[in-house]
Amino acid sequence: MIRFDDVWLKYRHDGKSSAAAVDVVSAMSFDIPDGGFRWLTGASGAGKTSVLKLMYLAEHPNRGRIDILDVHAARISRREAALLRRRIGVVYQDFRLLSHLSAYDNVALPMRLARRSETQIRSEVGELLHWVGLSAKLDRRPYELSGGEQQRVAIARAVIGRPKLLLADEPTGNLDDEQAERLMHLITALNRMGTTVVIATHNLTLVQNYPAPRLEIAKGRLVYDG
Amino acid sequence: MMAKAQRAQAPGRRKRVDQLGLRSAMADRLLPSLVGAMSFLAALAIAGSLAAATLARHWRSDSGAALTVQVTDPAAPAATGTASRLQAVMGILQASPNVSDPTQLSADAMNDLLKPWLGQDAAQLNLPVPAVITADWTQPGPPAALQSALDAVAPGTLATTGAAWASRVAALTGSIQASAASVLVIVALVAAAVISVATRAGLAQRREAIEIIHGLGALDSDIADRFAFRATWMAATGAAIGALAALPALFWLAQLAAPFAGILPSAAGPALPVPLWASLPALPVIAALIGWVTAQVTVRGWLRQLA
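Chains A and B, in that order, give the protein sequences. Per this note's numbering, the very first residue in the first sequence carries number 8; after that it's consecutive. Per this note's numbering, the very first residue in the second sequence carries number 2; after that it's consecutive.
Isolated chain A, as found in the complex (with noise of 0.2 Å):
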């Protein structure tokens, strides 16, 4: 269970969330069942990706309750915040892919936190980057794949420890349409074995195509939930 309950979040103009800023998300609240799939709609600076960071806990809300699987995310412990993100699958709007690992090793990395033996990881890993069509550059940096190929190495990332919860942020922004939809399936499949989804997106074509409650955000509000 996803649950937003009466949350607030500022920026400060240095970036820092405080009390005495803009206000980026207000008053937000809704649910998210297990296994459910949302989209998260709403335009360019609505704030739907700062909604995704309090899901992944990368930003502190300054007033309200965030549940994260079930989980106060305000009432853990650092460590046990860092856990609770390992079940948290992120595919970033800028991929945030580590340029001096190999592609191979961006996917292996969460992997390897978990602290799994290597041998399940080769083959993890191989079959993953197999399926979105990259088994022929595991080894090339992150600077020499193309955009769409930096995507699906992070999609990649992102799904590999079989989240409880994923979340994207304009997933199918650098893909064209068979590898969206290629991208879709994936999704959609984790979703049916009970992975929590969300995507972030302004692509209503794609939102249409696979039909789901929707939430929508304006100027930081919750406009829409249905």
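These are calculated hints, taken from the structure and not from any lab test. Honestly, I wouldn't trust all of these hints.
As the list claims (entries may be wrong) - One-sided and incomplete, this derived list gives chain B residues near chain A with beta-carbon spacing under 7 Å: (1) Ala210; (2) Ile213; (3) Gly218; (4) Ala219.
Glycine included, C-beta positions come from ideal geometry on N, C-alpha and C.
Position chain B relative to chain A; hints supplied.
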């Protein structure tokens, strides 16, 4: 296809993955060099402290134990009894449990002592030269009671030891050792500061990578340990090199100090004292400990700024 992909990765998998790219973020020359210089200074400070202690011990045992008694007008009768003043004084010295081996300086020895002031044959000048008795003083303190006893039979007799000079040597040694300890503390603090600065530089350079790994669920210890391993290895390596580089200087200083410590020249050259040999291997261990603790504290403090 899969097998081909896995074969392509096989060589890379054998090598430990530098997830944060620290091999380039924390330069492997500057930090070991600076820690090596600190280790070199620490080795010299330890050697200086040990040398001061050894020399002081040697000098104290020599000077503190030497008793010199000057008997004026030695042939005159003593204040008590019928013996001469010299015989009376000698009798007291021989009977004292704190004095051993009292010996009157011969005329030749006295002549040698006075030669610089009185010329080749001082005895012919017929001066009232006191008799001088040397002995070993076995007590640590000054010979006050002995002085009183000597005054009773031969007033004006002077009994002295090197205790006052030895106490000054002890004070000097103590201050040298305190200075050496201060140098060691300062060296340790500077080493910690250098490691902290290098770690912060690494953190700044790898900020984005750390944020990504943090976001993927890395524990603070996962990140701090990586920095700490790197800092530990570099500090230990630098300290080992610094300690080895100090060896020629230590042997040279040992050679200079040997005559003052009563060490006879040997064909094999000067030997370093055992405590110094034991201290030198401890330098890389201590540097490693400083590296580990400093990096852990620095990284964990820095990570607090992340959510």
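How the hints compare with the structure:
| no. | hint | verdict |
| --- | --- | --- |
| 1 | Ala210 | holds, 5 Å |
| 2 | Ile213 | holds, 5 Å |
| 3 | Gly218 | holds, 3 Å |
| 4 | Ala219 | holds, 5 Å |
Hint violations for this structure: none, all hints satisfied.
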